[in-house]
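Asker: Residue numbers (the numbering used here), protein chains in the order written: chain A, 1 to 366; chain E, 1 to 366.
Simulated from the structure, these hints should not be mistaken for laboratory data.
Among these hints, one or two may not hold up.
To be verified - Below 27 Å or equal to it, Euclidean Cα-Cα: the simulated DSSO-like pairs (lysine-lysine) are:
#	chain 1	residue 1	chain 2	residue 2
1	E	LYS250	E	LYS72
2	E	LYS250	A	LYS123
3	A	LYS57	E	LYS17
4	E	LYS57	A	LYS272
5	A	LYS123	E	LYS128
6	A	LYS243	E	LYS17
7	E	LYS348	A	LYS57
8	A	LYS326	E	LYS57
9	E	LYS143	E	LYS131
10	A	LYS17	E	LYS76
11	A	LYS128	E	LYS123
12	E	LYS123	A	LYS123
13	E	LYS24	A	LYS72
14	A	LYS250	E	LYS250
15	E	LYS250	A	LYS17
16	A	LYS17	E	LYS243
17	A	LYS327	A	LYS315
18	E	LYS57	A	LYS29
19	E	LYS326	A	LYS57
There are 2 protein chains.
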Amino acid sequence: MRFNAILNHLNTYEPGKDIEIIAKEYGVKEVIKLASNENPLGTSQKAVEAIINNASKAHLYPDDSMSELRAKLATKFGVRIQNIIIGAGSDQVIELATHAKLNSQNAFLQCGVSFAMYEIYAKQVGAKAYKTKSIMHDLAELKSLYDKHKDTIKILYLCLPNNPLGECLNESDVEEFLGGIDEDCLVVIDAAYNEFASFKDMKKHIDPAKLIKNFTNTLYLGTFSKLYGLGGLRVGYGIADEKVINALYKLRAPFNVSNLALKAAVAALEDKEFAKNSLENNFSQMQRYEEFARLNALDFIPSYTNFITYFFEEKNSSDLSEKLLKKGIIVRNLRSYRLNAMRITIGKPYENTRFFEEFERILRGN
Amino acid sequence: MRFNAILNHLNTYEPGKDIEIIAKEYGVKEVIKLASNENPLGTSQKAVEAIINNASKAHLYPDDSMSELRAKLATKFGVRIQNIIIGAGSDQVIELATHAKLNSQNAFLQCGVSFAMYEIYAKQVGAKAYKTKSIMHDLAELKSLYDKHKDTIKILYLCLPNNPLGECLNESDVEEFLGGIDEDCLVVIDAAYNEFASFKDMKKHIDPAKLIKNFTNTLYLGTFSKLYGLGGLRVGYGIADEKVINALYKLRAPFNVSNLALKAAVAALEDKEFAKNSLENNFSQMQRYEEFARLNALDFIPSYTNFITYFFEEKNSSDLSEKLLKKGIIVRNLRSYRLNAMRITIGKPYENTRFFEEFERILRGN
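Just chain A, same shape as in the assembly (with noise of 0.2 Å):
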């Protein structure tokens, strides 16, 4: 059987292997997994009973105007309930987003290394990839790569604090880059992270409102499933101008979000204890972190969000990655991203101790 052509040009997504599978395989009691940028305080226990008071409906479509949501959403953000769009993590919005605008007589822009889903979506539909050289964002590269494929770049991705690499522009950078670019590009500021780039220094705050206010073309992103602990159940949302919001509507399959997810998802919000505590621990951890890198001599950027990414000259990140794992220990090796890095999530205390403790001893070769 023949399938699309373009099909012989994408990659099956690898997943990392489940940690009780890891366990089994190095022989490790506890595994801890600090890959994937979860929340190391877990989920909210709002949300736990929301999920246990909603349990015994899971025989029950979701509201798929998921109103509820999209109202509390609304109201937070400032914004209209038509100007929200529900997803399967924000990740689905960048599909929709992709399907909506790109196809294979054009582009998107992104900054030298960003998430990697940006690519993958826009592979399938066969739409070319822009990069700038710098593996930051560099607005002033940014824009000069953009004005020359101005004709052709139809998504441009700003990643506000980026993964995996944690470094955020400031917000009035952002919005005077904005004034350069044509409305008929559409401008996709993925803040998944953007509440601990906040929290950490507000000149990095991206407000949606003021945003889709002043750029009918930007499509801002967010997600549960980071500072909100949500990410098992798939849940993020896009905000845009309603003429966006529509286009994306108008390919959204129905029922994308589960109902449980729509239900924890609310309750996640109002508890505003569990995202101040979460806040508070990983930035406090993420000083260990530091400190942790300058006492071993390691490059790393100054992250504002809830993981760190180590550089390494001398050392291999997939050889360093490989002997974390026998210890137990998951973390996000960056050669696919052809770095010779790795992506740290702040854990818990006693996980980010054990990580010092493992990390030394096989950084000096022991």
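Dock chain E against chain A, hints included.
Answerer: Frame of chain A, contents of chain E only:
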């Protein structure tokens, strides 16, 4: 902002109104929903327990290999784990198949009236729809239309039993029919309701292991939304030759099904008692719907599913559905399929009694 031209030809899916909103709007105390073919017995208690036991793990991304559920399905159906892909509902597997096979240069074929998502997804890639004049599956007519356009028909759908009509082909006839279809045409056997058909009459039973062994161009679809009572969690599956599954996997987004859905589905598969009770309730209550139709001189198609479709001549299905709604009873008006008919999900005994009482009054014009 301009969007891909294909969006000009797409309509936005209009979700049905939520039960709570209807109750408020019409001032009814209890709303009875017989519209979405959800399991009237609810969710299996084992699945509910699995959800509750895993609620506090909602922050962890799903095991993206989905090996636990795939292994369970592989054992159940006597196929290999490599023959299985899990989707957010079997809907999503239809979407993946569409993207793998269809494009603006080719077409799909289905009977006159069948599951709406086949066409919705096909339109998104600009593929042409061929439908038989017969609303129900007529294999001779399907074959003749296929032969006429075999160069362009790249997906052929058989919905066994058929939603929203309820009829079902015999497996032996399907097998014979498949022999006449080219290897390059993907035949999707949508078996979302096949457990119901098999329970009523084993001649309707489709065995996916036998199917994909004899016909490497077939894709069998199953779901947890109907018999297994997990419509709200969005989990279904496709079973096919490894070459087909590999193609679908290339287009699958990572983490496309939530961790709670995976756990609940595994548990639901183990709850054979719940499935048995659901089937028994369904067909004993179905007799009441057939009896009601005869008493009120309504046309209906003998159903192999968990719903029944009533046809009207003088009365208007939109009008009747609206009158039922005012009494707090939601059914599925089939006007959007250009039928003067309604599809009614077989409910719990007391729900069906309420339906009969109210509907008899409406039919008599009281």
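Asker: Going through the earlier hints one by one, which of them does the structure break, listed in rising order?
Answerer: none
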